[in-house]
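Student: Spelled out from the first residue to the last, the chains are:
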Amino acid sequence: MNFINSVIIFFYLMGTATYLFFMFIQKKSWEKTGQYFLTAGFVIHTTALVYGFISSGHIPARNLHETLSVAGWAVVCAFLILQYWFNLKILGIYAAPLASLIMVVSFLVPKTSVHDPEIFKSFWLFLHILFIFLGEASFALACGVGVLYLLQERAIKSKRRGFFFHRLPSLDLLDTIGYVCILAGFTLMTIGLITGFVYAKTIWGKFWSADPKEIWSIITWLLYAALLHGRLMIGWRGKRSAVMAIIGFAVILFTFLGVNFLLEGHHEAFTRW
Amino acid sequence: MLDIVLIGINHKTAPIELRECLAFSEEDMLNAFSVFKNNPVIMELMLFSTCNRVELLMTTPNPDKAIQTAKQYLSDSKQMALKQFENSLYIHQGDDAIRHIFRVASSLDSLIVGEPQILGQIKDAYRRATSQKTSGVILNRLLHKTFFIAKRVRHETGIGDHAVSISYAAIELAKKIFGSLEGKEILLIGAGEMAELAVENLIRNRSGNIFVANRTFENALKLADKFKGQAIRFEEISGAIERVDIIISSTGAKDLIIHQDQVKKILRKRKNRPLFFIDIAVPRDIDPEINRLSNAYVYDIDDLKGVIEENIEDRKREAVKAERMIDEAVIKFRQWHENLDIVPTIIDLRKKLDTIAQNEVKKTFKSLHHVSESDYQAIYRMTHAIINKILHDPTLFLKQNGYHGLNSASIDFTRKLFRLDEE
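Sequences listed follow chains B and C, in order. Each residue of the first sequence is one higher than the one before, starting from 103 at the first, in the numbering used here. Each residue of the second sequence is one higher than the one before, starting from 88 at the first, in the numbering used here.
So here's chain B without its partners, still in its complex pose (with noise of 0.2 Å):
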């Protein structure tokens, strides 16, 4: 499992490299050539999940090291996902090392798994954890294309323009797909909620534990509501809403690791080491 891990870190960081140089150099064979490394190693990586999900029985998402690969799984395949949609190619250049830094964590943490498989084996976990991962995904996207929503704005107001004026797409296009990307996350993510309170009723046998990945869960489904509800009936577009995009993606990351570092709670036997 090991090489296998880095041969889907070596795609990674190769895709982040072209990205790297196609951001530099501009030139469309860069960019392909970072599509085709990112790609390569998303197929490699979703057959080692499935082979892991097969050989287990349940979804490989015990430890951290197992639940971070399949955090840097959901990034590269929304970007893949967004990227065919959109042609947003310069995302590349925030979803290659993002996904690669994610995955060089993983092969990083210890592996020890939890005690108990048995709790694995849900139908229920399984969607849980897939469309969590994905809405999850889908905002850090939101917070990338929000970051260089921000950039492009400088570059205009400022009147300066420089680096990165004719590097990046229009204003209206990064709002639009900073749009796309909360609404997808926050669709998936609330699937991922519901399916999370059933299995907790099949388990634990209650839908709510007031645990505190729960409740920083719901405080972070709460912070996109109000970005969606803000934005369709007053009008929260733009530097606003990229701004909102870059906060809701760090009560994420609070939720995801600090959640389970600093606080007590159920979730706490996979996701810390």
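In short, the hints are calculated from the structure, not lab data. Beta carbons are placed, not taken as given, at the ideal position from N, Cα and C, and that holds for glycine. A hint or two may mislead.
What the hints assert, rightly or not - When the alpha-carbon atoms are kept at most 20 Å apart in a straight line, the in silico EDC-like pairs for lysine to aspartate or glutamate are as follows: (1) B:129 x C:401; (2) C:356 x B:274; (3) B:259 x C:259; (4) B:259 x C:376; (5) B:259 x C:396; (6) B:261 x C:376; (7) B:259 x C:389; (8) B:261 x C:374; (9) B:129 x C:248.
Said to hold, decoys possible - Take a look, some chain C residues computed to stay more than 12 Å from chain B by CB distance: (10) 117; (11) 164; (12) 255; (13) 264; (14) 295; (15) 312; (16) 315; (17) 321; (18) 394; (19) 440.
Stated by the list, open to error - Stretch by stretch, here's where chain B covers chain C in the computed footprint (C-beta under 8 Å, at least three residues): (20) 256-263; (21) 357-363; (22) 374-385.
Given chain B, put chain C in place with the hints provided.
Tutor: Below, chain C alone, put in the same frame as chain B:
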């Protein structure tokens, strides 16, 4: 062998007054073609005359005489003493002439580096020369290479990227804000050449409704008519900004027309859909503080000029790459041109046939094991003799026809027929 010679003046060597005097009208050009058609010194001729340059491109067996003839013709036909313009003329020969035409077509020699019109103008000039049958083998090839290199420069360098005029710079910015300009509504306040040019460019980008406001309603009506837009009264501007996306202002007003707090309220009403203000007026019409509001962008005339200067710098950097491509192309063309002579052509021809014969003899001997070394030598000598006999008449033809090297066409044909230039 024919030499390539170029003689001309351009915006760098001569002021507009002089260029005007030397410019060729359509009629002048036809006259020039008919005068030079039967001239023994000038074999091929192409003429181009734009507002920035007048140039004669020729091939000749005797460059000095050709230059003299061309100068004299200019002086006679334009009724100017040679002294008056001789110092402004530049004369290029051989590689320099090739490089010059490549650079001109690639827009490296233009007043605004990278402007695209020049290539079209050269194409027109070439078409005129071909229709008058004054272009021959050399100019035909030179011009085709010119068009090729000009296209390559345009595609592979950023020399034509990014706007270098106020109205295009404004559109480039608008595209970075709105993405597509299709259906975006425009409000034009006041009038003026630059503002109207910007509106026309926006229309070309398929913008939507156009509103025109003016202190004098009649003027607004007139302009609105021109753009097939809608005239509004000056007091209605606030209402219009609620629905339009791009505002172009160019009035003679002394004070600001649109203020920050006014726009702040409007933005709320339009749910923060972005607004782009282009302020071409001096003194300014639009409060620069509006640029601080989220989703509102203000560019005044100085900002746009700054954008253009930056873009011109970019183009100059790209021009360096273009020069390198052109150097390459010049060397290639020179090689072709040098080969377009009798001696290298006959040598190439002989070499080609010799190689074929040798290869075939070797192939045959591989299957004939009983042949001795002396037989081999004899047979090889025989193939050599056959080649000599075959080439005898064509060589004579090329040499006879080649009276002081005017047989470029038959040499070119020979080279093509036997495919002597690997490409």
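Student: Confirm or reject each hint.
Tutor: Hint check:
1. A distance of roughly 17 Å separates the Cα atoms of residue 129 (chain B) and residue 401 (chain C); the hinted pair therefore holds under the 20 Å criterion.
2. Restraint check for residue 356 (chain C) and residue 274 (chain B): the C-alpha separation of about 19 Å stays at or below 20 Å, so the hint holds.
3. For the hint linking residue 259 (chain B) to residue 259 (chain C), the alpha-carbon distance of about 14 Å falls within 20 Å, and the restraint holds.
4. For the given pair, residue 259 (chain B) sits about 11 Å from residue 376 (chain C) by alpha-carbon distance, which is consistent with the 20 Å threshold.
5. Among the hinted pairs, residue 259 (chain B) with residue 396 (chain C) is consistent with the structure: their alpha-carbon atoms are about 17 Å apart, no more than 20 Å.
6. Proximity of residue 261 (chain B) to residue 376 (chain C) is assessed by CA-CA distance (about 14 Å); at most 20 Å being required, the pair is judged to hold.
7. A hinted pair counts as satisfied when its Cα atoms are at most 20 Å apart, and residue 259 (chain B) with residue 389 (chain C) qualifies at roughly 14 Å.
8. For the given pair, residue 261 (chain B) sits about 16 Å from residue 374 (chain C) by alpha-carbon distance, which is consistent with the 20 Å threshold.
9. The suggested pairing of residue 129 (chain B) with residue 248 (chain C) holds, with an alpha-carbon distance near 15 Å, which does not exceed 20 Å.
10. At roughly 46 Å from the closest C-beta of chain B, the C-beta of residue 117 (chain C) stays outside 12 Å, upholding its exclusion from the interface.
11. Residue-level check passed: residue 164 (chain C) sits 48 Å from the nearest beta carbon of chain B, beyond 12 Å.
12. Taking the minimum C-beta to C-beta distance to chain B, about 14 Å, the non-interface status of residue 255 (chain C) holds against the 12 Å cut.
13. For residue 264 (chain C), the condition that its CB be more than 12 Å from all CB atoms of chain B is violated, with the nearest at approximately 5 Å.
14. For residue 295 (chain C), the shortest C-beta to C-beta distance to chain B comes to about 15 Å, beyond the 12 Å cut-off, and the non-interface label holds.
15. Non-interface call for residue 312 (chain C) relative to chain B: holds, since the shortest CB-CB distance, roughly 31 Å, exceeds 12 Å.
16. Once the 12 Å rule is applied to beta carbons, residue 315 (chain C) is consistent with being away from chain B; the minimum gap is 26 Å.
17. No Cβ of chain B comes within 12 Å of the Cβ of residue 321 (chain C); the nearest lies about 28 Å off, and the non-interface call holds.
18. Under the 12 Å C-beta cut-off, the non-interface status given to residue 394 (chain C) relative to chain B is violated; the minimum distance is some 7 Å.
19. Non-interface status of residue 440 (chain C) relative to chain B is upheld: no Cβ of that chain comes within 12 Å, the nearest being about 43 Å off.
20. Check result for the stretch 256-263 of chain C against chain B: holds, 3 residues qualifying (beta carbon to beta carbon below 8 Å, three or more required).
21. Three residues within the 8 Å Cβ limit are the bar, and the stretch 357-363 of chain C against chain B gives 5, so the coverage statement holds.
22. For the stretch 374-385 of chain C, the stated coverage by chain B is satisfied: 4 residues place a CB nearer than 8 Å to a CB of that chain, which reaches the threshold of 3.
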